[in-house]
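*Asks:* Residue strings, one per chain:
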Amino acid sequence: MKLKASLVLTLPALTLLAASLQAAEPAAAPAPPATQAPADAAPTEAPAVETTAAEAPPEDAAAWDIVLTPRLFLFDYFDGVGEDRTQFLERYDYRESISGDDTRSGWYPDLDLDITGNNGDRDFFVLERRGFGEHNHRGLAKYGNDRLNVYGTYSKYRSATGGIDYLYRPSEPALLDYGGTTGGVGGGGQGQGGGFVNNFTDNSGTSLYSIDRTTYGAGIKLKPSILGGWATASVDYSGYQRDGNKFAPFLLEGGGGGGTGQTRWRGINLAVDERMNRIGLTLSASPQKRFELAYEVSYEEFKNSAPELQMEPVTGTTNPSPLASLFYVADTSLVTHGIRFSKRFDDRWLVSAGYGMSWLDQDSFSAYETASGHNEGKISTDNAYLTLNGRVSPEVTLEGYIKHYNHDNDSSFGDGLINTGTLVAPRINSIDSMDYGVSADWQTDFMKSGFTAGWRHLDRERDLTYGSIASAQSLYREDTVSDEVYFKWSARPAQGWTAELKPSYLWSDKTGLVVEPEEAFLLKTKASYASPSGWVASGFYDYKNRKNDNNTFTDGDGSISQNQSLEGTLHSAGLSMNYMPRDYLNLYGNLYWMQDDVSSYLFSSSVQRWNPAVAFTLIDEPNYKIDSYVFNFGGDWDASEKLNLSASYTYTRSKGDVASGTVYDQLVAATGTIDSIIDNTLHSFAVGGDYLLSEKSTIKLNYIYDRYNDDAYDLLSGGVHTLALGLAYTMQ
Amino acid sequence: MRILLAILATFATLILGFSSAWAQTPPVPIGNELCQTCHVAYEGHKVNRYHSDCLACHTPQDKHLAEGGRGTVSLPAASNCLSCHQNNDHKRMNWEFSPHAKAKLDCRNCHGVHSPKIKELNVGMWKSDRNSQMCMSCHKDVAARLTMPSHHPVKEGGLSCVSCHDPHSGKQTTLAGKNEQCTKCHQNVRGPKVFEHAPAAEDCTICHNPHGSPNRRLLQLAQPMLCLQCHSITRNNHGNPPRGSQLRGCTNCHSAVHGSHSDPLLKY
Numbered sequence: 055m056k057l058k059a060s061l062v063l064t065l066p067a068l069t070l071l072a073a074s075l076q077a078a079e080p081a082a083a084p085a086p087p088a089t090q091a092p093a094d095a096a097p098t099e100a101p102a103v104e105t106t107a108a109e110a111p112p113e114d115a116a117a118w119d120i121v122l123t124p125r126l127f128l129f130d131y132f133d134g135v136g137e138d139r140t141q142f143l144e145r146y147d148y149r150e151s152i153s154g155d156d157t158r159s160g161w162y163p164d165l166d167l168d169i170t171g172n173n174g175d176r177d178f179f180v181l182e183r184r185g186f187g188e189h190n191h192r193g194l195a196k197y198g199n200d201r202l203n204v205y206g207t208y209s210k211y212r213s214a215t216g217g218i219d220y221l222y223r224p225s226e227p228a229l230l231d232y233g234g235t236t237g238g239v240g241g242g243g244q245g246q247g248g249g250f251v252n253n254f255t256d257n258s259g260t261s262l263y264s265i266d267r268t269t270y271g272a273g274i275k276l277k278p279s280i281l282g283g284w285a286t287a288s289v290d291y292s293g294y295q296r297d298g299n300k301f302a303p304f305l306l307e308g309g310g311g312g313g314t315g316q317t318r319w320r321g322i323n324l325a326v327d328e329r330m331n332r333i334g335l336t337l338s339a340s341p342q343k344r345f346e347l348a349y350e351v352s353y354e355e356f357k358n359s360a361p362e363l364q365m366e367p368v369t370g371t372t373n374p375s376p377l378a379s380l381f382y383v384a385d386t387s388l389v390t391h392g393i394r395f396s397k398r399f400d401d402r403w404l405v406s407a408g409y410g411m412s413w414l415d416q417d418s419f420s421a422y423e424t425a426s427g428h429n430e431g432k433i434s435t436d437n438a439y440l441t442l443n444g445r446v447s448p449e450v451t452l453e454g455y456i457k458h459y460n461h462d463n464d465s466s467f468g469d470g471l472i473n474t475g476t477l478v479a480p481r482i483n484s485i486d487s488m489d490y491g492v493s494a495d496w497q498t499d500f501m502k503s504g505f506t507a508g509w510r511h512l513d514r515e516r517d518l519t520y521g522s523i524a525s526a527q528s529l530y531r532e533d534t535v536s537d538e539v540y541f542k543w544s545a546r547p548a549q550g551w552t553a554e555l556k557p558s559y560l561w562s563d564k565t566g567l568v569v570e571p572e573e574a575f576l577l578k579t580k581a582s583y584a585s586p587s588g589w590v591a592s593g594f595y596d597y598k599n600r601k602n603d604n605n606t607f608t609d610g611d612g613s614i615s616q617n618q619s620l621e622g623t624l625h626s627a628g629l630s631m632n633y634m635p636r637d638y639l640n641l642y643g644n645l646y647w648m649q650d651d652v653s654s655y656l657f658s659s660s661v662q663r664w665n666p667a668v669a670f671t672l673i674d675e676p677n678y679k680i681d682s683y684v685f686n687f688g689g690d691w692d693a694s695e696k697l698n699l700s701a702s703y704t705y706t707r708s709k710g711d712v713a714s715g716t717v718y719d720q721l722v723a724a725t726g727t728i729d730s731i732i733d734n735t736l737h738s739f740a741v742g743g744d745y746l747l748s749e750k751s752t753i754k755l756n757y758i759y760d761r762y763n764d765d766a767y768d769l770l771s772g773g774v775h776t777l778a779l780g781l782a783y784t785m786q
Numbered sequence: 011m012r013i014l015l016a017i018l019a020t021f022a023t024l025i026l027g028f029s030s031a032w033a034q035t036p037p038v039p040i041g042n043e044l045c046q047t048c049h050v051a052y053e054g055h056k057v058n059r060y061h062s063d064c065l066a067c068h069t070p071q072d073k074h075l076a077e078g079g080r081g082t083v084s085l086p087a088a089s090n091c092l093s094c095h096q097n098n099d100h101k102r103m104n105w106e107f108s109p110h111a112k113a114k115l116d117c118r119n120c121h122g123v124h125s126p127k128i129k130e131l132n133v134g135m136w137k138s139d140r141n142s143q144m145c146m147s148c149h150k151d152v153a154a155r156l157t158m159p160s161h162h163p164v165k166e167g168g169l170s171c172v173s174c175h176d177p178h179s180g181k182q183t184t185l186a187g188k189n190e191q192c193t194k195c196h197q198n199v200r201g202p203k204v205f206e207h208a209p210a211a212e213d214c215t216i217c218h219n220p221h222g223s224p225n226r227r228l229l230q231l232a233q234p235m236l237c238l239q240c241h242s243i244t245r246n247n248h249g250n251p252p253r254g255s256q257l258r259g260c261t262n263c264h265s266a267v268h269g270s271h272s273d274p275l276l277k278y
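Those sequence lines, one after another, are chains A and B. Per this note's numbering, residue 55 is the first one in the first sequence, and the count goes up by one each step. Per this note's numbering, residue 11 is the first one in the second sequence, and the count goes up by one each step.
Derived from the structure by calculation, the hints contain no laboratory data. None of the hints are false.
Some chain A residues judged to face chain B by a derived CB distance under 7 angstroms, without partners named:
1. Arg176
2. Ala348
3. Asn443
4. Gly628
5. Asn644
6. Ile680
7. Val712
8. Ile732
The C-beta atom is built at its ideal place from N, Cα and C for all residues, glycine as well.
The shape of chain A in the complex, shown without the other chains:
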């Protein structure tokens, strides 16, 4: 029924839009002049071929191309969890049968639409709809003539990733370190039973979680022909509606705030009900083509309609306050505007500059914020850039840029809410960033090469308010200062060959975040070959190593400082091949490998970091190391004038340990392999064909087989068969 309603609403709306646009069509005009001129009179560069609206031909001569493709989808999820839980493959591919709302197997219809009107000048009207069922469909309608463009879009997509999150909830699976229960009892402090995590209480009442995102947009653009030939103006609207639910675990305050230990740690079914509407105006101009100027302004409103959950009614506790909200999402509004300019001088120099601002305002406040005197939430940003590109000789180009970014948090500090006594993480008052650099590019005949060398510098200053936790007990710092040099060589050393090499090195004197590199080396390499016989092969290898020993934890008495030592290495490589032995046959294959290897120290603190007696202890240096592989091959074959066939197979594998040492041992002790390793494989096989039944009708058949195996968490394993049968009918 929902699908029918969707179709019933969508199709007439789009049809009405098409009809109204045609009605708004400008008056008929004479056909364009015949194109007759001697070839030797042709310019070597594309001239600014522009035609006024008066030359447009009458659109009653328009040719319409209409393709209707009703489709029937059949699906069957197999070997996975039942309907009461979310199958892993369902997370991005939620289906529901039209018969009985079955989410495991069944069928549903949908309709693809392609309507194109061409008036000899252009496709002046396009309407496109793609439907993959009630929970995944999208559409676009657009109209254009010499004076304006108009468009409208919509889409709906359901994601069920929250259902997978639920399968990892604190009470799933039964915890081994609690003796196979869903949470230990007792313990307290540091002992058996997990300290503060005594027992998880699932109050959600459901295991199914999904979120629908429905987007819509519309706009109109006035072309230069009605704005004096040198300006355009457009108004664009976009919005979305986000509805659904998600699983939300939380931990209540100590000191009796959570009641008994049995109910301190809980999870609830949290409603999601959000709307966003944005409208923007863009003006672009190039007066006498002397320079380009663009001004953009937009206003956006975000509204959360989900009910506010307050502490006491939900949890039965008044700590820290009966009004304290759980997962409050505020209404906000955002105004942005920016002006940009670019100018070319003497066809050799190009300068571009821009300035933009934004103001983000919090429009609603939780009862807790209001009671605490927090009544203003405001973040403003300023952006500016200036870039200059100059061709100093036919072979050499220089470029320089400077970019500034400022982020100011002008929100109020509600007394009793965000005073320094409760502030356990630094408050960011502002971030001020300046980024600049220069580069030179040299093109030479030597292997048809281009060499680029450059340097860039980043200086970021933060104004932070450290509250209860002093900066010495935090790894967050106020300054980031880094420099980077890079070099790039790209070449075409022989017919059909290309090669590219790009090393870069970055060093930092100060890093505000420990994940920013103190030192990083990056290497990118790429090569490709296209043979005269139809082979195209390409490959790449990228390497990135980053380290940071800059940031330290210092004990409360100042006696000992210890560096956090972080090192990460990322390898990625790929090989792609494409072979087209005949016009009617295309074969391809891709192989990709990535290894992410990150280690950092594991520190424990004797007490909370706001306690002056805090002392840090280095426990271990756990290591995360995951290998990912993607292998894909397939082909397209025009078997005859009537029959096209195509097939594709993709293999995706991820494997490795998410940690080593103490962390790994503890994870294994808690849940076995589930949280300690990643070990999964996804096979996806698709085959499809189109067969021309008659001049106007084509039958389309696709079969897709997806199979996911998870050797770390078998509950997630499962597969799905999909069969899509369509009949495309063309009307002209």
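With chain A fixed as given, assemble chain B onto it according to the hints.
*Replies:* What follows is chain B alone, placed relative to chain A:
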């Protein structure tokens, strides 16, 4: 707001005041009958009026006119296309500073002037859009990430590469910060929050890889390794050594990880 109105009024005055002064002159049509003696239209071949003059974009050498064949006729460079498509166009005005331009790409590498570059979607990406398939024909590393266990649903048709990326511009000439790009769709996490989480306020990509990841929720690393880079673990709260039942998911307790309006420890 007054500044905004003043700028708008100035711009509107400029447009209205000069709207007729610099009107374009009609084009000079150039024939292409000679080309069409060999280059016949094919199925799906469409000609926009502005692209109907072969010699406006192609310059054949004498050899081409005599013998034909590839390599004997020039194909349009980006500068040719931009001579029309850069004027009055805020999206393309900074093309020269884009990574695509710096990689020496031309418009025709992505855009088919005579017919769409991507005519049919690959059967393995049948729910996706043409733009994304075009992008993935070069960005194979991103295409691979988009098949990983956690990814933005581009192949599933939930969004497109161009939902986030502007192929005609680059970071140097954008007026939006990294987070502003993400919070164009994810407004619920953007704040302002009373209690902030620094990486969420600074850069979403510190914790998330937007294309795809072997870890849930597009996380760069699995928990707890992601969190342990910046955080120590308090012994009296989490055990000594910290227990696996807590290490397996820091966000099982600290779930308001993008910031909170109530709790300084980001627990709700």
